[in-house]
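There are 2 protein chains.
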Amino acid sequence: MTATVTVGEFSRLTHLSVKTLHHYHEIGLLAPASVDPSSGYRRYETSQVEVAQLIRRLRELRMPLPEVRAVVDAADGGSREETLRAHLDRMERELAHTRDVVTSLREMLTLEPAALAVEYRFIPAFRAYGVSGHVEREGIGSWCEFAFGRLGEIAARDGIVATSGAAYSDEFFTDDSGQVVAFLPVAPDQAPAEGVELVDLPGGFFAIAVHTGPFTDFDRSYGALGSHVAEYCEVATGPIRELYVVGPGDGPDPASYRTEICWPIRQIPTSPAAKG
Amino acid sequence: MTATVTVGEFSRLTHLSVKTLHHYHEIGLLAPASVDPSSGYRRYETSQVEVAQLIRRLRELRMPLPEVRAVVDAADGGSREETLRAHLDRMERELAHTRDVVTSLREMLTLEPAALAVEYRFIPAFRAYGVSGHVEREGIGSWCEFAFGRLGEIAARDGIVATSGAAYSDEFFTDDSGQVVAFLPVAPDQAPAEGVELVDLPGGFFAIAVHTGPFTDFDRSYGALGSHVAEYCEVATGPIRELYVVGPGDGPDPASYRTEICWPIRQIPTSPAAKG
DNA sequence: CTTCCACCCTCCGGTAACCGGAGAGTCAAA
DNA sequence: TTTGACTCTCCGGTTACCGGAGGGTGGAAG
Numbered sequence: 001m002t003a004t005v006t007v008g009e010f011s012r013l014t015h016l017s018v019k020t021l022h023h024y025h026e027i028g029l030l031a032p033a034s035v036d037p038s039s040g041y042r043r044y045e046t047s048q049v050e051v052a053q054l055i056r057r058l059r060e061l062r063m064p065l066p067e068v069r070a071v072v073d074a075a076d077g078g079s080r081e082e083t084l085r086a087h088l089d090r091m092e093r094e095l096a097h098t099r100d101v102v103t104s105l106r107e108m109l110t111l112e113p114a115a116l117a118v119e120y121r122f123i124p125a126f127r128a129y130g131v132s133g134h135v136e137r138e139g140i141g142s143w144c145e146f147a148f149g150r151l152g153e154i155a156a157r158d159g160i161v162a163t164s165g166a167a168y169s170d171e172f173f174t175d176d177s178g179q180v181v182a183f184l185p186v187a188p189d190q191a192p193a194e195g196v197e198l199v200d201l202p203g204g205f206f207a208i209a210v211h212t213g214p215f216t217d218f219d220r221s222y223g224a225l226g227s228h229v230a231e232y233c234e235v236a237t238g239p240i241r242e243l244y245v246v247g248p249g250d251g252p253d254p255a256s257y258r259t260e261i262c263w264p265i266r267q268i269p270t271s272p273a274a275k276g
Numbered sequence: 001m002t003a004t005v006t007v008g009e010f011s012r013l014t015h016l017s018v019k020t021l022h023h024y025h026e027i028g029l030l031a032p033a034s035v036d037p038s039s040g041y042r043r044y045e046t047s048q049v050e051v052a053q054l055i056r057r058l059r060e061l062r063m064p065l066p067e068v069r070a071v072v073d074a075a076d077g078g079s080r081e082e083t084l085r086a087h088l089d090r091m092e093r094e095l096a097h098t099r100d101v102v103t104s105l106r107e108m109l110t111l112e113p114a115a116l117a118v119e120y121r122f123i124p125a126f127r128a129y130g131v132s133g134h135v136e137r138e139g140i141g142s143w144c145e146f147a148f149g150r151l152g153e154i155a156a157r158d159g160i161v162a163t164s165g166a167a168y169s170d171e172f173f174t175d176d177s178g179q180v181v182a183f184l185p186v187a188p189d190q191a192p193a194e195g196v197e198l199v200d201l202p203g204g205f206f207a208i209a210v211h212t213g214p215f216t217d218f219d220r221s222y223g224a225l226g227s228h229v230a231e232y233c234e235v236a237t238g239p240i241r242e243l244y245v246v247g248p249g250d251g252p253d254p255a256s257y258r259t260e261i262c263w264p265i266r267q268i269p270t271s272p273a274a275k276g
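These protein sequences, in sequence, are chains G and X.
All residue numbers for the first sequence refer to the UniProt record's numbering, where the first residue is 1 and numbers rise by one.
All residue numbers for the second sequence refer to the UniProt record's numbering, where the first residue is 1 and numbers rise by one.
Mixed in with the good hints there might be a few duds.
One side of the interface only, derived from the structure: several residues of chain G facing chain X at Cβ under 8 angstroms [unchecked claim]: (1) Leu13; (2) Leu88; (3) Leu95.
Where chain X lies over chain G, by a calculated footprint (3+ residues, C-beta under 8 angstroms) [unchecked claim]: (4) 30-36; (5) 143-151.
In short, the hints are calculated from the structure, not lab data.
We put the CB at the ideal spot given by N, CA and C, even for glycine.
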């Protein structure tokens with residue numbers, strides 16, 4: 001029969017703190033083999049050391065406990081691998097993102113603020129094929145691939161040539177998830193098509209900034225446009241639109257991308273300095 | 001004079017949620033330009049959009065608020081750059097670590113558990129030059145560089161040739177920070193030296209595992225040794241020792257490193273299966 | 001056989017950076 | 001004046017634990 005040890009010993013064996021072991025017991029992730037009914041003392045079996053080690057190592061990876069549980073409970077090696085790989089992917093995406101933002105931040109702090117050209121435009125209402133959904137900000141990349149993939153198919157089939165775009169609700173930005181509509185303009189009498197919606201985009205005034213280059217430093221243009229709008233315009237409510245003038249569909253080089261960021265405003269200011 | 005806006009508008013302008021703006025007000029990171037004394041309504045100036053944007057972008061980098069505050073309050077660009085760079089470094093270290101552990105985890109899950117050879121040994125008490133300190137687990141790498149750098153100097157000066165090592169208190173592992181002593185064995189009558197202590201390491205029985213290769217998958221050997229000790233030995237209290245048989249000082253190739261991990265036990269088990 | 005001390009227990013509160021909701025007050029248009 | 005959108009404060013919850021208070025246990029020493 002296997003030997004049993006107290007929390008303290010188990011802690012030394014596994015390098016998990018006693019508090020942590022209490023916690024894992026409480027949430028049912030790693031329960032001691034037995035608990036003395038009168039004293040409440042926990043007793044762990046030496047065979048549990050291995051599981052505890054696994055948990056500790058996963059936690060060192062900053063893997064959330066629910067996922068740790070999934071790995072620990074996983075019956076087959078396949079689903080373990082899967083959870084693990086998903087976590088690794090997430091971490092790597094995070095690092096890539098971090099690197100991008102740091103780079104653009106460094107520029108922002110050291111360089112003079114790039115003179116961002118802002119123009120004002122009235123965009124009339126128009127009809128479009130649309131793919132809409134409630135999207136997490138983190139997953140916007142893959143969602144766009146999906147949405148524009150579908151729109152691209154329809155466009156190719158119907159021979160539509162137009163600049164596609166997307167409308168992002170405020171919540172998408174402020175709450176990190178919200179309604180997004182990817183759209184492809186069509187004629188006002190366009191017939192519905194399988195697999196996409198037919199949406200009507202309302203007209204209105206917009207302050208528009210052109211972002212050149214990859215999507216990684218979008219934030220900078222957004223920030224600058226936000227500042228500009230705050231300073232010179234009366235803001236309107238409603239989703240912000242992006243128009244993908246030159247995008248992934250038009251060539252492989254992200255440096256050549258051109259995106260128009262359209263911020264809804266109430267009217268066109270009489271002069272750029274009118275409110276400054 | 002600059003225009004002022006409500007929280008809601010400011011939220012739309014900056015893509016920070018109202019809740020977040022409340023929070024930043026409360027902690028004094030970004031206070032509104034004015035607060036209506038009767039209604040409590042916050043009013044932000046459009047010129048504050050820029051700071052808010054900066055904060056948002058730093059937060060997107062997962063930079064802790066105290067550091068954000070440091071960047072925002074920084075008078076000169078130099079100290080901004082510094083904080084930024086420190087953060088970037090930390091993130092990259094984290095990723096590298098993540099990658100390492102994932103790799104070794106993948107092995108652990110897919111491969112058969114490597115047959116870890118464990119031997120038992122009585123190590124008599126000995127005297128050593130020591131560098132000790134309370135060390136954070138995160139900073140163990142640079143601390144070791146410092147400690148063994150100093151020990152190396154002394155060794156070179158005195159012509160001492162011995163396998164150096166380090167003793168890690170339990171708290172170092174369980175609490176992520178604790179006492180660590182780097183040591184270099186010397187003769188029992190060794191005279192004290194400037195810049196290092198003279199320490200006496202107690203003798204005792206140890207279960208010893210030899211870890212071959214770089215330090216990145218130390219965890220695996222530790223886990224295996226922990227499991228082994230739990231299964232077959234009576235554990236003793238006291239710090240775990242590492243002996244750097246072949247280490248960074250002996251050659252540039254991490255793959256050739258050899259480290260003995262010494263786990264204190266009460267006595268040598270009569271047979272490996274004695275307790276199994 | 002007691003006494004000691006290290007160990008163990010549970011419960012409560014706190015951490016970071018907010019989110020969600022309740023309940024109530026405010027503002028501007030209709 | 002009424003509606004409805006907006007705002008306020010306060011309270012509790014989130015994750016994965018840590019720290020401490022107050023009090024019970026267990027094995028060894030005296």
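Hint check:
Checking Leu13 (chain G) against chain X: minimum C-beta separation of about 5 angstroms stays under 8 angstroms; hint holds. At about 5 angstroms, the closest approach between the beta carbon of Leu88 (chain G) and any beta carbon in chain X falls short of 8 angstroms, and the interface hint on this residue holds. Interface hint at Leu95 (chain G): satisfied, since its Cβ lies 4 angstroms from the closest Cβ of chain X, which is below the 8 angstroms cut-off. Check result for the region 30-36 of chain G against chain X: violated, 0 residues qualifying (beta carbon to beta carbon below 8 angstroms, three or more required).
Coverage of the region 143-151 of chain G by chain X is violated. Counting CB-CB distances below 8 angstroms, 0 residues qualify, and the rule asks for three or more.
Hint compliance for this structure: hints 4, 5 are not met, and every other hint is.
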